Amino acid sequence: MARNKRKIYLVRPKMQLKVIASMVIAAACTTIAISYMTYASLVQSATPEFVASEAFQVYQRHLKYVVMSLGGLVITTSLAMLIFGIYLTQKIAGPLVPIERMVEDLIQGNYDADDIKLRQSDELQDIASQLNKLKETLKEKQGTEKEVS
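Each residue of the sequence shown is one higher than the one before, counting from 33 in the working numbering.
Careful: at least some of the hints might be erroneous.
Subject to a maximum C-alpha distance of 25 Å in a straight line, what follows is the list of computed SDA-like cross-link-like pairs (lysine to any residue) [as the list claims (entries may be wrong)]:
#1 K123 with V83
#2 K50 with L150
#3 K171 with Q157
#4 K123 with G141
#5 K50 with I124
#6 K50 with L128
#7 K96 with Y68
#8 K96 with T79
#9 K149 with Q162
#10 K171 with S161
#11 K50 with Y119
#12 K171 with S153
#13 K123 with R151
#14 K123 with M55
#15 K39 with D154
#16 K165 with E177
#17 K39 with L49
#18 K39 with K165
#19 K149 with L166
#20 K96 with V83
Pairwise CB distance ranges (calculated) [unchecked claim]:
#21 M100 with D147: 51 to 57 Å
#22 S161 with S77: 57 to 63 Å
#23 K50 with K171: 35 to 41 Å
#24 D146 with K173: 15 to 21 Å
#25 S73 with A112: 21 to 27 Å
#26 L105 with Q162: 39 to 45 Å
#27 R133 with M100: 49 to 55 Å
#28 Y91 with A60: 25 to 31 Å
#29 L120 with N164: 21 to 27 Å
The hints are simulated quantities; they were obtained by calculation from the structure and are not laboratory data.
This structure is a prediction, so every number in the text was calculated from the model and none was measured.
No residue lacks a Cβ here, since even glycine has one placed at the ideal position from N, Cα and C.
Whenever a hint applies, use it, and build me the whole structure from the sequences.
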């Protein structure tokens with residue numbers, strides 16, 4: 033089981049980083065928007081009478097803590113999306129390596145290449161299975177053509 037563990041997390045860095053960046057930016061923007069709406073509603077809830085009172089000083093201090101907490105939430109959400117993005121893209125990009133290798137072998141007429149073997153948790157299982165079947169079909173056809181000639 034340990035030998036199937038993929039060590040390189042960015043197998044296709046360009047594609048993976050593009051997807052991960054999109055996920056992180058979307059999460060950060062969403063969190064910032066929600067944080068801003070929360071902050072704005074807290075600020076708008078302060079009436080003129082309340083602003084003039086001594087309690088407003090305490091309110092402002094608490095508001096600073098809220099802003100810092102919301103900033104921490106943005107950072108935490110972005111980091112979580114970064115980790116999830118690496119995990120998710122690895123499940124797709126990792127299988128592309130043996131799939132591309134198989135396609136290259138088929139293009140070169142090498143029908144004796146090893147079957148594609150993916151981890152159970154990897155995506156693209158159906159494509160790998162279909163390529164394995166295609167290889168066997170082409171191998172059989174090549175054998176039939178050799179027998180005829």
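Results of checking the hints against the structure:
no.	hint	verdict
1	K123 with V83	violated (54 Å)
2	K50 with L150	holds (24 Å)
3	K171 with Q157	holds (21 Å)
4	K123 with G141	violated (28 Å)
5	K50 with I124	holds (14 Å)
6	K50 with L128	holds (16 Å)
7	K96 with Y68	holds (13 Å)
8	K96 with T79	holds (18 Å)
9	K149 with Q162	holds (12 Å)
10	K171 with S161	holds (15 Å)
11	K50 with Y119	holds (14 Å)
12	K171 with S153	violated (29 Å)
13	K123 with R151	holds (9 Å)
14	K123 with M55	holds (16 Å)
15	K39 with D154	holds (14 Å)
16	K165 with E177	holds (18 Å)
17	K39 with L49	holds (17 Å)
18	K39 with K165	violated (28 Å)
19	K149 with L166	holds (15 Å)
20	K96 with V83	holds (16 Å)
21	M100 with D147: 51 to 57 Å	holds (55 Å)
22	S161 with S77: 57 to 63 Å	holds (59 Å)
23	K50 with K171: 35 to 41 Å	holds (37 Å)
24	D146 with K173: 15 to 21 Å	holds (19 Å)
25	S73 with A112: 21 to 27 Å	holds (25 Å)
26	L105 with Q162: 39 to 45 Å	holds (44 Å)
27	R133 with M100: 49 to 55 Å	holds (50 Å)
28	Y91 with A60: 25 to 31 Å	holds (28 Å)
29	L120 with N164: 21 to 27 Å	holds (25 Å)
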